[in-house]
Amino acid sequence: MTNKPVTNKNAATGSAATRRNFFLKAGTALSLPVAAGGASSLRPVDSVEDVQSLRRLQQALAREINNATGRAAALFTTRELPAGLDNVTRLLPADFGEHDAIEIAADGRTSHVTLRCTVETKTPIRAQGTLIEMARAQGEGFVGATSCRTLDMVCVREAGSWKIKALATRDS
Amino acid sequence: MAQVKYPVRQMHRIAYTKLTQAQIGDKLRAAANGPGSASELSDVYAGKQIRIVTDNGPTLGYRFAGKNRLALSENGGGPAEAGYGALALGDIVFFTHLVPGTQRGYHVLVDQRTNLATVFEVWFSGYKDNREVQRQAYYGYVEQTGKEAPKRRHVITNRVEGKGYYWKQDNGIETLEFYPSTAYSNFVELTRLGGELGFCAPSDYVEVNDNVYIYQRTECELSGTQTIYAFDVNRMEQIGARLGFNEKDDLEYYVFRGRGEWLGQLAHFEKFGDVGLPPANAPASAKGARRVYRPMQTFHTFTRPEFDKLAAQHPARVFPPGPNAMAGNKLEVSDYLVGKAMTLRYDHGPAIEYNFDEIQSLRWRRLDKETPGAGEWTTARYESWESAPGLIVFAHLLAGEPNHDCHVVVADFDNSLVSCLHGTMGSPYIGNEAQVENLFGVIEREGAVAPKYARHRFTDELAGKALTWNYSTETGLTSMHLYTTPHSLSWIIFGQDGAGGLEWSGPAAYVKIRDGIYLGYWLEEACNGTLGTILINLDTMHDCGAGYHGDANGVSLSAVGAHARLAGQFNVRKYFQPGRNGSGV
Numbered sequence: 001m002t003n004k005p006v007t008n009k010n011a012a013t014g015s016a017a018t019r020r021n022f023f024l025k026a027g028t029a030l031s032l033p034v035a036a037g038g039a040s041s042l043r044p045v046d047s048v049e050d051v052q053s054l055r056r057l058q059q060a061l062a063r064e065i066n067n068a069t070g071r072a073a074a075l076f077t078t079r080e081l082p083a084g085l086d087n088v089t090r091l092l093p094a095d096f097g098e099h100d101a102i103e104i105a106a107d108g109r110t111s112h113v114t115l116r117c118t119v120e121t122k123t124p125i126r127a128q129g130t131l132i133e134m135a136r137a138q139g140e141g142f143v144g145a146t147s148c149r150t151l152d153m154v155c156v157r158e159a160g161s162w163k164i165k166a167l168a169t170r171d172s
Numbered sequence: 001m002a003q004v005k006y007p008v009r010q011m012h013r014i015a016y017t018k019l020t021q022a023q024i025g026d027k028l029r030a031a032a033n034g035p036g037s038a039s040e041l042s043d044v045y046a047g048k049q050i051r052i053v054t055d056n057g058p059t060l061g062y063r064f065a066g067k068n069r070l071a072l073s074e075n076g077g078g079p080a081e082a083g084y085g086a087l088a089l090g091d092i093v094f095f096t097h098l099v100p101g102t103q104r105g106y107h108v109l110v111d112q113r114t115n116l117a118t119v120f121e122v123w124f125s126g127y128k129d130n131r132e133v134q135r136q137a138y139y140g141y142v143e144q145t146g147k148e149a150p151k152r153r154h155v156i157t158n159r160v161e162g163k164g165y166y167w168k169q170d171n172g173i174e175t176l177e178f179y180p181s182t183a184y185s186n187f188v189e190l191t192r193l194g195g196e197l198g199f200c201a202p203s204d205y206v207e208v209n210d211n212v213y214i215y216q217r218t219e220c221e222l223s224g225t226q227t228i229y230a231f232d233v234n235r236m237e238q239i240g241a242r243l244g245f246n247e248k249d250d251l252e253y254y255v256f257r258g259r260g261e262w263l264g265q266l267a268h269f270e271k272f273g274d275v276g277l278p279p280a281n282a283p284a285s286a287k288g289a290r291r292v293y294r295p296m297q298t299f300h301t302f303t304r305p306e307f308d309k310l311a312a313q314h315p316a317r318v319f320p321p322g323p324n325a326m327a328g329n330k331l332e333v334s335d336y337l338v339g340k341a342m343t344l345r346y347d348h349g350p351a352i353e354y355n356f357d358e359i360q361s362l363r364w365r366r367l368d369k370e371t372p373g374a375g376e377w378t379t380a381r382y383e384s385w386e387s388a389p390g391l392i393v394f395a396h397l398l399a400g401e402p403n404h405d406c407h408v409v410v411a412d413f414d415n416s417l418v419s420c421l422h423g424t425m426g427s428p429y430i431g432n433e434a435q436v437e438n439l440f441g442v443i444e445r446e447g448a449v450a451p452k453y454a455r456h457r458f459t460d461e462l463a464g465k466a467l468t469w470n471y472s473t474e475t476g477l478t479s480m481h482l483y484t485t486p487h488s489l490s491w492i493i494f495g496q497d498g499a500g501g502l503e504w505s506g507p508a509a510y511v512k513i514r515d516g517i518y519l520g521y522w523l524e525e526a527c528n529g530t531l532g533t534i535l536i537n538l539d540t541m542h543d544c545g546a547g548y549h550g551d552a553n554g555v556s557l558s559a560v561g562a563h564a565r566l567a568g569q570f571n572v573r574k575y576f577q578p579g580r581n582g583s584g585v
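Going down the list, the protein sequences come from chains A and B.
Read the first sequence against this note's numbering and you will find it ends at 172, with the numbers running on by one and no gaps.
Read the second sequence against this note's numbering and you will find it ends at 585, with the numbers running on by one and no gaps.
Derived from the structure by calculation, the hints contain no laboratory data.
Among these hints, one or two may not hold up.
[Said to hold, decoys possible] Quick list of in silico lysine-lysine cross-link-like pairs, BS3-like style, CA-CA up to 30 Å:
hint : chain 1 : residue 1 : chain 2 : residue 2
1    : A       : K122      : B       : K287
2    : B       : K369      : B       : K271
3    : B       : K248      : A       : K122
4    : B       : K340      : B       : K369
5    : B       : K48       : B       : K18
6    : B       : K5        : B       : K248
Just chain A, with the same shape it has in the complex (with noise of 0.2 Å):
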C-alpha cells in the first residue's frame, strides 16, 4: 500500500503546494472537527451540509468496498480507483471518528478529509505451482492484513456534488 503524501496543485499559481500550504493559503479554510456523530457547525448552513455531504460520500465509499459493487471508481473525478486502494476489501471506521477531520477551502468547491480507518486487504500470493492454483480455484491465494491507517483524501466539487480527487493512505 502506497503512503505518499497528499499533494494539491494551487489553482492560482500552478505551483506544487503540500497541503498544509494549501489550506494555509487559502487562509479563511473551514476546519470542522468530526466527532462521532457529526460535525459542530461553525459557518453557515450551506458548509455543515457540505460536511455531511463529504461524511456521505466516505461512507459511499466504505458500502461500495466493502460490498465489492465494482462501483467505488464512480466516486473519484478519475473514475479510476487509486493505488491506495489497491488489494483493500474493507474500509471500518475507527476510534468513532474522534481523529476525523474535514476541511473545507473557504471557496467551498475543493476540501480535505482525514479518517482514521481499520483497513483490510487481500494481498494476492506472488507464486506459481499447484498449490496457489488451486487456492486461486477455489477463491482465495491471498494475504489478509488488518492494520490502522489513516485515509487522506482530496474532494472537489464536480456539478454540485463531491468527488474524491487524491486519496492516499498512511500509517496511523
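Model the placement of chain B on the given structure of chain A, informed by the hints.
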C-alpha cells in the same frame, strides 16, 4: 484367490471419449426400465403416491405402480412414466430414475421418520464434456395431507469431513473412500483398478440426521461418472446409485447397497462450533455450479522436442534466490557437505563421485565407464538441508544428461546409505511432465565401510496418514497430504475457514530412511507435471526437499520446506497387503 484386475491405463491416463449429446441420448435409452441392482429392489413405495415439495426447486409428484415403474409429474405437469429402483436403509428410502426422452433424472432420498427429502436433479450434456454428470441438490419434504410443512431441512455439512470408510457393495465392488474435505473426496478402487492409486472428485455432503449422511461425487476430469449414496455411520451401511459412462463408454446405471468398515477420523481445522452450514459452506448460486479443480485447463503442455528447445533457450532455474511460497518455512541451508568428497554407488544405477566445494556449489562425475562423458567433472548448483544429525538431503540438476535429469539425494552418513529420486522430464503423454525412479545404494568415503546388503526400503508405514504442511508463515499457504495408498498421495487445500477445499492426487512412493523419517515423492501427472520430493521427519514435524518442474521457461528445481501437524491416520495398510483377495497391491 481372485486375480487382481489392474487396469491397462489408470484413470488419469484414459482419454475418455468426448461423447456427443446424441450419443449420450442413444445410450440412455438403456435406462428406460430403471437402474440395475444386485440386491432385490425395495417395494416400500409400490402402489403409493407421494408429492415432494422442495425449496427453490421442483415439486415432484410420484405414483409408484410397482417396485420398478413410476409416473412422475414435475411441477404439476403431465405424468411421465419411467423405470425406477428403490432401496431402503432403516427409515431412509433412496430411489432413482431418469426422465424418459431427456438426459435428466432424479435421485431422491426420503427420511420416512421426518418426511424430509433431498432431491438431486442430475443431467448430462450440461458442461462442455457432455459425459460429466451435472447435479443440483434441493431440500424439501414429502407433503402430508392436513399437516403443516416441516420447518427443518436436510443441510449441507462438514460433519462428514475427516471420515474414511472401506465399502463393499452388493455387486462385489470394493473401495476405500476418504472425505478429507468439504468439497472433495478421495476414492481408491480396490476391485475395479487394483487399488494402486487414489483419485479425487468434487463432492457434496448432506446431513440427514446425526447418523445418516448423503455423499455425492462426480469424477470430473475423468469419466464424469457420479456416485451417490446415503450412509449410516452407526450401522456402516450404504444405499445409493452409480450413473455415468465407463472407459468403454458403456452406461453404468445401477443402485447398490453396501457394508462398510470405519477406517478412522482426521482432525477438523475449522473453528469449534463450525459445522459447515451456509453461508460459510454456501452452495454456488448458479444451477449445478460446483468447485472443480481442472488442472489440465491451466497446465501448458509441450511435446518433448518443443520442451527441449525451450530448455535450451532458458537457463535452468536452480534454487533461485528470492521468495519461494513453497519454502517460507524451509530448513536452514546446511554446510554439512562443504569440503566433503564421496561416491554414491547406486544398485542397478550409476556411481557418481562428488566434491562439495562450496555451500551451494558441487562437482560431480559419473564413474560408470560406458556412459558418454563419464569421468568428466561437471559443476552444479545445489542446496542441502540436515533433517536429522548426519542425515542430509541435497538436490541438483545433472547437466549433460539426456532428460534434463535431476537427483534429489538422501544421504545417511551414520549408516552409509543413500536413496535418490532420479527425476527426468517427459512422459509418454506430455513432454514437460516429470517422471521419477527410486535409486538405492551406499555412500563410499574415506574412513567408513559401506554396508553390502542393507539398503533403504520402500514402506507402507505412511499409508493412511494425513499431515498438514504450512509452507509459509507469512502467506499462510498450507495444504494437507493424505497418503492414500503406498503408491499414491493426495493434497488438499484449506479454505479461509479451515475447511478442506479443493483436492487432487498423483502417483507416489515412500521410502523408510530411519524410524519416523521417510522419503516421499509425488508426481503431478495430468496436472502440473511437477515432481515433488520431501523428506518427512515426524520427530521434528518438518520436511525438506525439492520441486522439479518444466514449463515455458525451461527446467526449474526449487526448495520445499514446511512445518507439519498430524491430522490423523486411516487404518488402511491391511488393504494393501500382497495376496489380499480382490486387491493385491
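Hint-by-hint comparison with the structure:
no. : hint             : verdict
1   : A/K122 to B/K287 : holds (29 Å)
2   : B/K369 to B/K271 : violated (61 Å)
3   : B/K248 to A/K122 : violated (46 Å)
4   : B/K340 to B/K369 : holds (23 Å)
5   : B/K48 to B/K18   : violated (40 Å)
6   : B/K5 to B/K248   : holds (16 Å)
In this structure, the earlier hints numbered 2, 3 and 5 are contradicted, and the remaining ones agree with it.
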